[in-house]
Amino acid sequence: MTIAALILAGGKATRFGGADKAFVPLHGRPLIAHVLDLLRPQVAPIAISANGDPARFIKFGLPVLPDAPDFSACGPLAGVAAGLAWAKRVNATFLLTMPVDTPFFPATLVADLSPGPSVAVYAGRQHHLVALWPVSFLPALEDFLHRDAKYKVRDALTLCLARPVHFTSSRDPFTNLNSPADLLPFG
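All residue numbers for the sequence shown refer to the UniProt record's numbering, where the first residue is 1 and numbers rise by one.
Hints are computed from structural coordinates only; laboratory data are not their basis.
Glycine included, each C-beta is placed from N, C-alpha and C at the ideal position.
Any given hint could turn out to be false.
[As the list claims (entries may be wrong)] With a cut-off of at most 35 Å between alpha-carbon atoms, the simulated DSBU-like pairs for lysine-lysine come out as follows:
(1) K88 x K59
(2) K152 x K59
(3) K152 x K88
(4) K88 x K150
[To be verified] Label-pair ranges, simulated between beta-carbon atoms:
(5) T108 x N51: 28 to 34 Å
(6) S170 x I58: 33 to 39 Å
(7) V90 x P41: 17 to 23 Å
(8) R29 x G52: 18 to 24 Å
(9) H27 x D70: 35 to 41 Å
Please build the complete structure, drawing on both the sequences and the hints.
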């Protein structure tokens, strides 16, 4: 099993006033740097899912994958589809997806989620985008995105038969930092 990883950094960040969430500072460093610090010891290769000018990520030295035009209105599943296509090109069999606003995940995440397909669950809450997707799922995901107008990540995970992996700790390791107020406890 060969695993590649995709940092999902393409959200609109409306609760951050439209700021590029990947570059929102936490402890003086951008969120994406925190995510990379935890991912790099666990998995390679790594890519970034983001639209717009890819040059803003140049200092990270990673491929930047835009959404395919066919799926531009499909939310984060467009990023997952682009990531699966890239993972296939780099001969990976699974793709780990990680939202850029989730900088506190376990240093053992890849091992914990293996074997895939799988999805992280904490305290009964499924974290849909912290998942290990089989690269072979790409054609089924593309078909799903072409025919289903809802584009729910949960439904795509069900379709690929992702098993839930339950995590326990004193705090949610998949906490999303969605607004400036979410950063305050970690300041």
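List of violated hint numbers, smallest to largest: Those not satisfied: there are none.
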